[in-house]
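Peer 1: One letter stands for each residue in the lines below.
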Amino acid sequence: MDRRKFLKILSAASLSAAFAPVSTFARAFPEKMLIAVKSGKYPGRIKPINEAALQKRAKWLG
Amino acid sequence: MKIQCELCPKHCIIAPGQSGDCRIRVNMDGKLVAVTYGYPCSLHIDPIEKKPLFHFLPGSKVFSVATVGCNLHCKNCQNWEISQQSPVNVPAYKVSPRQVAEISEKNRCESVAYTYTDPAVFYEYALDSSIEVKKKGMKNVIVTAGYFNQKPLKELCRYVDAANIDLKAFSDKFYRDVCSATLKPVLDSMITVKSSGVHLEVTNLLLPTMNDSDKDIQALCKWIKENLGAEVPLHFSRFFPQYRMKNLPPTSIKTLKKARDIAIDTGLQYVYIGNVIGENWENTFCPRCKKELIQRHGYLIEKNVIKDGRCPYCGYKIYGVWS
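One line per chain: the protein sequences are A and B, in this order.
The opening residue of the first sequence carries number 1 in the working numbering; numbering runs sequentially from there.
The opening residue of the second sequence carries number 63 in the working numbering; numbering runs sequentially from there.
The reader is advised that the hints may include incorrect statements.
[Said to hold, decoys possible] Calculated pairs, DSBU-like style, for lysine-lysine (alpha carbon to alpha carbon, straight line, at most 35 Å):
hint: 1; chain 1: B; residue 1: K277; chain 2: A; residue 2: K59
hint: 2; chain 1: B; residue 1: K277; chain 2: A; residue 2: K56
hint: 3; chain 1: B; residue 1: K284; chain 2: A; residue 2: K56
hint: 4; chain 1: A; residue 1: K47; chain 2: B; residue 2: K369
hint: 5; chain 1: B; residue 1: K284; chain 2: B; residue 2: K198
hint: 6; chain 1: B; residue 1: K137; chain 2: A; residue 2: K56
hint: 7; chain 1: B; residue 1: K277; chain 2: A; residue 2: K8
To be clear, the hints were calculated from the coordinates, so they are not data collected in a lab.
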């Protein structure tokens, strides 16, 4: 391969790599999905369950 | 080492010690950790109509579970005090997936809902809880914005019986400007959920001047009819000023009624108006004979004449899960 042709291929490949969307690649290899592991510790405060309060109308919508 | 979370279309690349955009998926020593796994901040027993699901076990109780965090940052979020917070600031209960199923069973709930924030961000907890709930013969519900990647959503759909997907608007610009998200993954999620055999209902919250033009509503209804089917219930919901959108007025009744008329003219069979009490816009009518089948008042069922999933007057099969 002559030098000119090599440089053309190299520049085309570089341009493609520069604009390749990472998220598209991630979608293309869905089997690589990373499942999070559970945390042993909650970073906030833990509150006790009040079973009677479960029946109260929730403040939250949905 | 940086890691990439592949749960939602944001594909966050997370540096050690940092969290993703949802605030709850953290890179701890190169491992992706869901810090809210087993730590719900909200547990309530709700009527299923509150989700809203009008064609899924009407009148039944649903055990609602949520953790802190969300992968969307809607400026109009109605649950922003839990969805837009870091776990550090919100106290939580310690409840294992097995306990979720046990509490639900003990309180005679027919289903468990992963709701209030978004199961997309507490995915592993929702998935493991769903499996435990199924073992006890109950059903699972997701109430979500649908901003999932396809692979995790398909896996979750194996255990989910019903979903209400909040289609915020039929505009990518709206999703980018108001929700920090994009439209296409949400549309893909709705198709995936419906084609997985999960009962689907769609909610659209109408924000004055933002997503309530005739053109937007027509496009949304047409897309639902062509891609999901005319039988999929659509809930237009009334907006009340919240969070970072206190500058807008509540949605007018006139706009909600207009949206309902457009949806019916487009050919959708079951169209409801939510967050408005006192009209008959929450009642279910038979698409064929037009007779009233379910009469609701708020979250209460006042009358339900559907028999074996069919209209008792003309025999038309009504879309839904009725027993």
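Peer 1: Run the distance test for B/K284 versus A/K56: straight-line Cα separation, threshold 35 Å.
Peer 2: Violated: B/K284 and A/K56 sit about 39 Å apart, past 35 Å.
Peer 1: If you draw a straight line from the CA of B/K137 to the CA of A/K56, is it 35 Å or shorter?
Peer 2: Holds - the C-alpha atoms of A/K56 and B/K137 are around 28 Å apart, at most 35 Å.
Peer 1: Against the 35 Å threshold, does the CA-CA distance of B/K277 and A/K8 hold or violate the hint?
Peer 2: violated, 48 Å
Peer 1: Hey, B/K284 versus B/K198, does the alpha-carbon distance stay inside 35 Å?
Peer 2: violated, 39 Å
Peer 1: For B/K277 and A/K56, compute the direct alpha-carbon distance and say whether it is at most 35 Å.
Peer 2: At roughly 41 Å apart (the allowed maximum being 35 Å), A/K56 and B/K277 break the hint.
Peer 1: Keeping to a limit of 35 Å between CA atoms, is the pair of A/K47 and B/K369 held or broken?
Peer 2: Judged against 35 Å, a Cα distance of about 44 Å means the pair is violated.
Peer 1: Taken at face value, is the distance from the CA of A/K59 to the CA of B/K277 at most 35 Å?
Peer 2: holds, 34 Å
Violated hints, in rising order: 2, 3, 4, 5, 7; the structure is consistent with all others.
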